[in-house]
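Add chains B and C to chain A, keeping to what the hints say.
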Amino acid sequence: MMPASLNAYIFISVALFAIGLLGVLLRRNTLIVFMCLEMMLVASTLALVAFSRFNGTMDGNVFVFFILTVAAAEVAVGLAIIVALFRRRQTIQLDQLNTLKN
Amino acid sequence: MTMLATAVILLLLPLISAAIIALFLRRSGAAASAVATLTAAAIAVGSLILALQRERFEVAHEWLRLGSFALSIGLKFDDLAALMLTIVGVVGLCVHVFSLGYMHDDAFRARYFGGLAIFMFSMLGIVFADNLFMMFIFWELVGFSSWLLINHYMNRTSAADAAKKAFIANRVGDFGFLLGIVWCYAQFGTTQFTELAKLADGGAVIATGLPLLLFCGAVGKSAQLPLHVWLPDAMEGPTPVSALIHAATMVAAGIYMLCRIHVLMVPDALTVIMWTGTATALYAALCAITQSDIKKVLAYSTLSQLGFMVAAFGLGSISENHVENGSSHVHVYAVGLGAAMFHLTTHAFFKALMFLGSGSVIHGCHHEQDIFKMGGLSKKMPLTFITFTIGVLAIIGLPGLAGFFSKDAILFLALIKNKTVFAVLAITAILTSFYMVRMWKLVFLGAPRSTAAEHAHEGGLTLTAPLVTLAILSVVGGYSWFYTKIFGGAFDDVIDLVPQAHGSDHIIVLVTSLAVVLIGAVSALVLYASAPTDALARKIPALFGALLALKGGFDRAYDYYVIKIQQRGAMLLNFFEQIFLAGLIIRGLAGVVGLCGLGARALHVGNANVYAYWFLLGAVVLWSFAVGVLTF
Amino acid sequence: MTIGQILFNLFALFTLVMAAGVVLNKNAVNAALCLLLCLVGVAGLFVGLNAYLLAFLLLLVYAGAIVALFLFIVMLLDTRGDARPTLNRLPLVARILATGLVLGGVASFIQRGRLVSPDMAGTIGVGAALKPYAYQLFTTYLLPVQILGFLLLIAMLGVIVLSKKFVGLEDIK
Numbered sequence: 001m002m003p004a005s006l007n008a009y010i011f012i013s014v015a016l017f018a019i020g021l022l023g024v025l026l027r028r029n030t031l032i033v034f035m036c037l038e039m040m041l042v043a044s045t046l047a048l049v050a051f052s053r054f055n056g057t058m059d060g061n062v063f064v065f066f067i068l069t070v071a072a073a074e075v076a077v078g079l080a081i082i083v084a085l086f087r088r089r090q091t092i093q094l095d096q097l098n099t100l101k102n
Numbered sequence: 001m002t003m004l005a006t007a008v009i010l011l012l013l014p015l016i017s018a019a020i021i022a023l024f025l026r027r028s029g030a031a032a033s034a035v036a037t038l039t040a041a042a043i044a045v046g047s048l049i050l051a052l053q054r055e056r057f058e059v060a061h062e063w064l065r066l067g068s069f070a071l072s073i074g075l076k077f078d079d080l081a082a083l084m085l086t087i088v089g090v091v092g093l094c095v096h097v098f099s100l101g102y103m104h105d106d107a108f109r110a111r112y113f114g115g116l117a118i119f120m121f122s123m124l125g126i127v128f129a130d131n132l133f134m135m136f137i138f139w140e141l142v143g144f145s146s147w148l149l150i151n152h153y154m155n156r157t158s159a160a161d162a163a164k165k166a167f168i169a170n171r172v173g174d175f176g177f178l179l180g181i182v183w184c185y186a187q188f189g190t191t192q193f194t195e196l197a198k199l200a201d202g203g204a205v206i207a208t209g210l211p212l213l214l215f216c217g218a219v220g221k222s223a224q225l226p227l228h229v230w231l232p233d234a235m236e237g238p239t240p241v242s243a244l245i246h247a248a249t250m251v252a253a254g255i256y257m258l259c260r261i262h263v264l265m266v267p268d269a270l271t272v273i274m275w276t277g278t279a280t281a282l283y284a285a286l287c288a289i290t291q292s293d294i295k296k297v298l299a300y301s302t303l304s305q306l307g308f309m310v311a312a313f314g315l316g317s318i319s320e321n322h323v324e325n326g327s328s329h330v331h332v333y334a335v336g337l338g339a340a341m342f343h344l345t346t347h348a349f350f351k352a353l354m355f356l357g358s359g360s361v362i363h364g365c366h367h368e369q370d371i372f373k374m375g376g377l378s379k380k381m382p383l384t385f386i387t388f389t390i391g392v393l394a395i396i397g398l399p400g401l402a403g404f405f406s407k408d409a410i411l412f413l414a415l416i417k418n419k420t421v422f423a424v425l426a427i428t429a430i431l432t433s434f435y436m437v438r439m440w441k442l443v444f445l446g447a448p449r450s451t452a453a454e455h456a457h458e459g460g461l462t463l464t465a466p467l468v469t470l471a472i473l474s475v476v477g478g479y480s481w482f483y484t485k486i487f488g489g490a491f492d493d494v495i496d497l498v499p500q501a502h503g504s505d506h507i508i509v510l511v512t513s514l515a516v517v518l519i520g521a522v523s524a525l526v527l528y529a530s531a532p533t534d535a536l537a538r539k540i541p542a543l544f545g546a547l548l549a550l551k552g553g554f555d556r557a558y559d560y561y562v563i564k565i566q567q568r569g570a571m572l573l574n575f576f577e578q579i580f581l582a583g584l585i586i587r588g589l590a591g592v593v594g595l596c597g598l599g600a601r602a603l604h605v606g607n608a609n610v611y612a613y614w615f616l617l618g619a620v621v622l623w624s625f626a627v628g629v630l631t632f
Numbered sequence: 001m002t003i004g005q006i007l008f009n010l011f012a013l014f015t016l017v018m019a020a021g022v023v024l025n026k027n028a029v030n031a032a033l034c035l036l037l038c039l040v041g042v043a044g045l046f047v048g049l050n051a052y053l054l055a056f057l058l059l060l061v062y063a064g065a066i067v068a069l070f071l072f073i074v075m076l077l078d079t080r081g082d083a084r085p086t087l088n089r090l091p092l093v094a095r096i097l098a099t100g101l102v103l104g105g106v107a108s109f110i111q112r113g114r115l116v117s118p119d120m121a122g123t124i125g126v127g128a129a130l131k132p133y134a135y136q137l138f139t140t141y142l143l144p145v146q147i148l149g150f151l152l153l154i155a156m157l158g159v160i161v162l163s164k165k166f167v168g169l170e171d172i173k
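Protein chains in written order, with the working numbering: chain A, 1 to 102; chain B, 1 to 632; chain C, 1 to 173.
Chain A with its partners taken away, still in its complex shape:
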C-alpha cells in the first residue's frame, strides 16, 4: 500500500503546525492558546512518524513516546497554572495578564 509520499506527510505536518502557530498568535483565550500549542506538538510527532516510516528506523517512533509523555506532564502543569491564575485574577484572557510589566 502506498498512500502518499513523504512530502505529502511533511506538508500536512507543516500545515498543522502553522495553524497551531496562528492560533497561538491570534487567540486571546489562554485555554485555546494552550490547545493550539498541543496541536503544534502533535504536528511534530506526525513528521517524526513519517520520517521513521520512510527510513525504516525506530528512532522517530520512540521519540513520539517521549513527546507524548512530556506533553502529558506539560498539560497537567499548564492547566494547574491556568486554574491558579484564574483563582487569583478571575480571568484567563491573555491581554489582561500583563503584570509582567507593571
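For the record, the hints were derived by calculation from the structure and aren't laboratory data.
Values in this document were obtained by computation on a predicted structure and should not be read as measured data.
Virtual Cβ for every residue (Gly too), placed ideally from N, Cα, C.
Please note that the accuracy of each hint is not assured.
[Claimed, not checked] Label pairs and their calculated CB-CB ranges: (1) Leu589(B) / Phe56(C): 22 to 32 Å; (2) Phe150(C) / Asp105(B): 54 to 64 Å; (3) Ala186(B) / Leu142(C): 44 to 54 Å; (4) Ala107(B) / Arg89(A): 52 to 62 Å; (5) Leu142(C) / Gly591(B): 45 to 55 Å.
[What the hints assert, rightly or not] Examples of chain B residues toward chain A, derived with CB under 10 Å: (6) Ala107; (7) Pro226; (8) Asn609; (9) Tyr613.
Just chains B and C now, with coordinates in the frame of chain A:
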C-alpha cells in the same frame, strides 16, 4: 611495625590532631590542649625511637605527574634528619607542656593548640623531606603556621602587623628559593637530595647563582640580613610560640635546608653565605644592647646566633691529607655543616630554655615585658632564676655548658679558615655576653622596680618542668659523650663532622672565648645597676642613639622603599588599570550591555501575546538563514 | 487512486479542517471538541504509516486524557461571561502581518523543502509491532525513560503544589 611506618605515622599524627582540633574542638580549649600535647608527647617518643634505632632509610613515592615533570614525596631519614627530628620532638614537647600552663587562661586556647599541631606537622615535613619541592611545600606550611601563631592576639594591631610582616618578608626569600628550585630542576632534572649529591660528586658544574638562590630561602626563614626585620616583630606572638618557632626550630630550618643541599655549595656561594652570617651576627648583637623588652633582647640574640650558624656553614669544608699504606689521599670534611648543626642543637636547647624562662617571668609578672620594670626576681622565682641563669651561661659560652662547645667549634673553624671572620665573631661573642648579662642582671638582681615585679610568683609544674628539662639539656648538650653514649652514636654522621680544636689553635680559641665571656660579662655587671632607665643611655647617649639608629635603619629603609617607591609604582599601575582595564574594557562592555538592556526593556511590554510575536520574528529570521534569503 | 490514497487525502483534509476549527471557534468547549477530532485525524494518518501502536496511544493519551482534562477545565472556569473590555489590544496590522508571515513561511517551505521521498513499499514498517518499541526503550533510550519518569514525578508534585490553596497568601500582591 617497621621504622618507615613509624616515620609516616609520626608525620601524619600532628596533621590528624590539627584536623580534630579544627573540626571538633574549637570551643573546648581543655580538650584541644590535651589532644595537642598528647600528640607532641607521641612525637617526642617516636622521634627518640626513630633516632635510637640505627635504621636509616629513604623512600620516594610519585605524587603527581605533569607531562615529563614528576613530583614525588618521600622520606629521607639519615643522621641529619634524626638529629633535627629529635630537637623538634623534644623542644616541641617542652613547649607544649609549657603552653598548658602559660595559655591556661586564654580564651582562644583551641586555636592556639591547633596552630601548634599544624606547625609540628609542617616542621616534621621539612625534616623528612627528601626533595626540594616537598621541602618547599612544608616550608610554606611552616610560614603559614608561623603567621597563624604570631597572629594569635589578633585584636592587637601590632600582632596583626607583625604576622603580615613575617609572612611578607618570608615571601621575598621564598621567591628566590622557588627560583632556585626551578633552576635546580631545569639543570639536573631532579631535586632529590640523594641524587643531587650523586650528581655533584660526579663533578656536575654548578653555577654560583643556584646555591645563592636557594640560600635566599634560608635568608628569609632564618632571618638573615637583610630580611631579618620580621623576627623581632614576631615576638608579638605568645611566648611559647617564640620559643618553639622563632628560636628553636622554624628559624633553624634555614640552616637545616642549607645542610641538606651542602653538596651544591660552590666556594663563591659559601663566601657570600659566610659574610651574610657574620654580618647578621654582629648587627643583631649590636641591636640587642639597646632593647628593653625581654623578648626583643632574646629575639636579637636569636638573630645573632643564627648568624653564627650561617657563618659556620659558610666557612665550609676542610680537607686533610691522610697517609694510609704509603699512599696519601685527600679527605674533605664538611666541618662547616657539623659546626652549624652542632650549634643549632645546643642553641635550640638553651634558647628555648631562655624563651620559656622569659615566658615564666612574663607570666609571673602579669604580662610585664619591660626589663626595666622587673628586678629582684631571683628571690620570687628561684627555679626560673636558676634555669634561666644556666641558659644565659650557656649562650655566653661559659666553659662546661653546651654553648661553650658549639661556639668554640665555630670559632676554631673561623680561626683556621678566615681570621677576619674570627675577629668579628669574637667581638660578637663579647657583645653576646654583654647584653645577656645586662638582661639577666636587670631582671633577676637588685630590687623590684614595679608592683608587678613585687608580686611575681613562680608558675605551676607545667611551667617549671620544661624549664628543668631544657636546663639539663643545655648543660649536657655540648658534651660528645651525650651523643655517643646516651644516643649510642645515633647522629655520628653529623657529630663526627664537628671540628675539634687541637694544639696551639686549641689554646688560642680557649683563651679567646674565656676572654670574651669575661670582658662582656664584667663590663655589663659594672655598667648596669638596678635602675629604671638604661645606664648606657644615661652615660654614653651618643653610642646608645647610634645603636638605636642602627636598629631602626632597616625598618626606615624598608618603609621608605614601600612608601616612596613601591606605593608609587602601585599607584601608577592602579591608574593604568583604572584607565585601560576598568575604563575601556570593563566599563565599555558594561556600557554596551546597558544600551542593549535599554533597547530590550522597550520591547518588554508585559503582554504575553507579544512575546509570541517576537518568537515568530525569530523563527522567520532563522528560516531566512536556512533558505538563504538572509546571508552574512 | 488507490484506497490508501483516498483515505490519506480524507484524513489529511479532516485533520486540517478540524485544526482550523480549533483556532477559529469562539467557544472553548467547541474548540476542545475540534481538537479531539483533529487528533483522531492524526491517528488515522498514523495508521496509514503502519504506526498502529502510536495511533492507539495518541487516542488514549491525547484524546482520552488530555482533551478530557481540557474540557474539564473549560467547564470549571466557565469563562463565557467574561466580557471585560480588552486592554492593550494588538493592532490589526500586527495580526495580519503575523498571519502573512506564517503563511509565507509555509509557502516557502512547500516550495523549497522538497525531500527525496524514499519508496514506502521498499522499506519495512518497523513501527507496527510492540516489541521493537520495548527493545529500544529499554536499551538505547533507557536513560531518557528514567529521566521522563522523574519529570512526571516532578510534574505531579508541581501540580499538587499549584492547586493547593495557601491560606494567607492572597494578601501578597
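Hints, verified against the model:
{"no.": "1", "hint": "Leu589(B) / Phe56(C): 22 to 32 Å", "verdict": "56 Å, violated"}
{"no.": "2", "hint": "Phe150(C) / Asp105(B): 54 to 64 Å", "verdict": "58 Å, holds"}
{"no.": "3", "hint": "Ala186(B) / Leu142(C): 44 to 54 Å", "verdict": "53 Å, holds"}
{"no.": "4", "hint": "Ala107(B) / Arg89(A): 52 to 62 Å", "verdict": "59 Å, holds"}
{"no.": "5", "hint": "Leu142(C) / Gly591(B): 45 to 55 Å", "verdict": "50 Å, holds"}
{"no.": "6", "hint": "Ala107", "verdict": "55 Å, violated"}
{"no.": "7", "hint": "Pro226", "verdict": "67 Å, violated"}
{"no.": "8", "hint": "Asn609", "verdict": "5 Å, holds"}
{"no.": "9", "hint": "Tyr613", "verdict": "7 Å, holds"}
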